[in-house]
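Kindly generate the complete structure, drawing on both the sequences and the hints.
Residue numbers (the numbering used here), protein chains in the order written: chain A, 1 to 115; chain B, 1 to 130; chain C, 1 to 136.
These are computed hints drawn from the structure, not numbers from a lab.
Yeah, the Cβ is synthetic: ideal placement off N, Cα and C, and Gly gets one too.
A couple of the hints might just be wrong.
[As the list claims (entries may be wrong)] Here are the simulated lysine-lysine pairs, DSS-like style, with alpha carbons at most 27 angstroms apart:
no.: 1; chain 1: A; residue 1: K108; chain 2: C; residue 2: K61
no.: 2; chain 1: A; residue 1: K108; chain 2: C; residue 2: K8
no.: 3; chain 1: C; residue 1: K8; chain 2: C; residue 2: K126
no.: 4; chain 1: C; residue 1: K113; chain 2: C; residue 2: K101
no.: 5; chain 1: C; residue 1: K8; chain 2: C; residue 2: K59
no.: 6; chain 1: C; residue 1: K61; chain 2: C; residue 2: K101
no.: 7; chain 1: C; residue 1: K113; chain 2: C; residue 2: K126
no.: 8; chain 1: C; residue 1: K101; chain 2: C; residue 2: K8
no.: 9; chain 1: A; residue 1: K60; chain 2: C; residue 2: K113
no.: 10; chain 1: C; residue 1: K126; chain 2: A; residue 2: K108
no.: 11; chain 1: A; residue 1: K44; chain 2: A; residue 2: K60
no.: 12; chain 1: C; residue 1: K113; chain 2: C; residue 2: K8
[Said to hold, decoys possible] Okay, the calculated beta carbon distance ranges per label pair:
no.: 13; chain 1: A; residue 1: G92; chain 2: B; residue 2: C100; range: 51 to 59 angstroms
no.: 14; chain 1: B; residue 1: S81; chain 2: A; residue 2: K44; range: 35 to 43 angstroms
no.: 15; chain 1: C; residue 1: F111; chain 2: B; residue 2: M77; range: 40 to 48 angstroms
no.: 16; chain 1: C; residue 1: Q118; chain 2: A; residue 2: P56; range: 15 to 23 angstroms
no.: 17; chain 1: C; residue 1: K113; chain 2: A; residue 2: P56; range: 20 to 28 angstroms
no.: 18; chain 1: C; residue 1: F111; chain 2: B; residue 2: M70; range: 36 to 44 angstroms
no.: 19; chain 1: C; residue 1: G37; chain 2: B; residue 2: Q104; range: 48 to 56 angstroms
no.: 20; chain 1: C; residue 1: V102; chain 2: B; residue 2: S81; range: 48 to 56 angstroms
no.: 21; chain 1: B; residue 1: R73; chain 2: C; residue 2: K8; range: 34 to 42 angstroms
[To be verified] If you only want the chain A side, here are some residues facing chain B, beta carbon under 10 angstroms, derived:
no.: 22; residue: T4
no.: 23; residue: E75
no.: 24; residue: E94
no.: 25; residue: S98
no.: 26; residue: I101
no.: 27; residue: H111
no.: 28; residue: M113
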Amino acid sequence: MELTHPPFGRENTYAALFVGSASVSMGIEVTVLLAGEGIYVGLKGQNDPQGRINLPSTEKQVRDFMELGGRVVVEQQSLEDRGIAAGELIEGLEILDSSTIADLMLDKGDHIMVF
Amino acid sequence: MLQPKLRTIHRKTAKGEREMSGTCVLLMRLPASEDEARRMLGIIQRSTERNSGAAIYLLGEGTFWAKGLMPKRYLSMALDSGAAVKASRRDLFARGISECDLDQRISLMDDLEGELVEDVMGRANRVVSW
Amino acid sequence: MVAEARKKGTLALVLFSAPYGNQYANHVCNIADRALGMGYNVEIFLYGDAVHAHLTEQKPKNFVNIGETLARLADRGAAVYSCLICAIARGYIRDYDEGRKVYNSPITPPFVKYVTVQGFVNMIKKADRIMMFGSS
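See the structure below:
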């Protein structure tokens, strides 16, 4: 699953991680790719979004997804273009370059869903 | 306009059967930025580099890839790498895009949806839609 | 032979945006139409705002009626699923008994089947190919 939007402004992130977690729970191997503006889903330190903006924490969704066995990868170039350092990301996210990500899609991507 | 062979997606096994291979990318909108264009077509480039074939389908608003300067450049690179590009004649003409504006290597389809289904279900082994 | 085996394959089309604001619902319907005509199984999943696509009594003035188009596709054998949680959120479900998993939606046509996220995942597992529409 590729996430291309930052969290909260649209339902995309929530909807993708919701079905991503359900898929992992039901035995499907799922990799979430954060690329472009979707990079911001990988930032750690969301501070009570449910209380502040009435939206569930996507950081919690990401952490829960990984705890269930899901894999989250981040496109290196998207990070660099936006000046985000690896240390700002949720622990456990893997930073990969574009070629490696493309290979991952070609080797493992039976179904590729872009949110 | 010459129809490029679908050899970029078809492969044959030793028995001569059509083997499933290749990637289909369906584009239904323009990229928001050059970075996005790069990412939308990144899998195409890798697919052709690995010699597993690729085809791009321009549908609806995606037909503007064939017209706009920046997306057209990325489409051209995909064509250079060996990918097939197919566009909906209906959608192009409805938007006032003339055949003369197009890269001659782009195939105009009267039934792009049918072609897409046939490729996705019958010939390729993955599809990405934007 | 490989192509023939694929003829009975299943194409899943996931719509993620509401109708009429863009063409994604039209693309889904057109592709579903062609796929059905070619003998493939088609499953459509309405996710997020796309649940509005199945509302009855749509009367678009200058656009193709998506509700009626979905109904015709269902008549031809397409399975149309809608996200239950999304529909509840958007007011389609008037009575919902979570314990007995029974719900009532007087404004949803009978060919639409509401499923939970598990139903969506089952659809993903079953599909040979999946295409997403409207997530941009």
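request  = Indicate whether the distance between the beta carbons of Q118(C) and P56(A) respects the range 15 to 23 angstroms.
outcome  = Between Q118(C) and P56(A), where Cβ atoms are some 19 angstroms apart, the hint holds.
Hint check, S98(A) versus chain B [nearest Cβ-Cβ separation less than 10 angstroms] = Status holds, d = 5 angstroms.
query = When you take the CB atoms of F111(C) and M77(B), is the distance between them in 40 to 48 angstroms?
reply = 44 angstroms, holds
inquiry  = Can you confirm whether the C-alpha distance between K108(A) and K8(C) stays at or below 27 angstroms?
reply    = 24 angstroms, holds
inquiry  = Check whether the Cα positions of K113(C) and K101(C) lie no farther apart than 27 angstroms.
reply    = 13 angstroms, holds
query = Holds or violated: are the alpha carbons of K8(C) and K126(C) at most 27 angstroms from each other?
reply = Judged against 27 angstroms, a Cα distance of about 12 angstroms means the pair holds.
key: Given pair status - K60(A), K44(A), alpha carbons within 27 angstroms   = OK: K44(A) and K60(A) at ~10 angstroms, within 27 angstroms.
Satisfaction of the I101(A) interface hint, Cβ to chain B closer than 10 angstroms = 7 angstroms, holds
ask   = Would the hint on E75(A) stand, with a C-beta cut-off of 10 angstroms toward chain B?
value = Given a least distance of 7 angstroms, the restraint on E75(A) holds.
inquiry  = Just to be sure I understand the hint, the distance between the Cβ atoms of G37(C) and Q104(B) should be within 48 to 56 angstroms; is that true here?
reply    = 31 angstroms, violated
task = For the range 34 to 42 angstroms, tell me whether the beta carbons of R73(B) and K8(C) fit it or not.
result = 41 angstroms, holds
key: Pair hint outcome, K101(C) versus K8(C) [Cα-Cα no greater than 27 angstroms]   = Status violated; Cα separation ~32 angstroms.
Violated hints for the displayed structure, listed by number in ascending order: 1, 5, 6, 8, 9, 19, 24.
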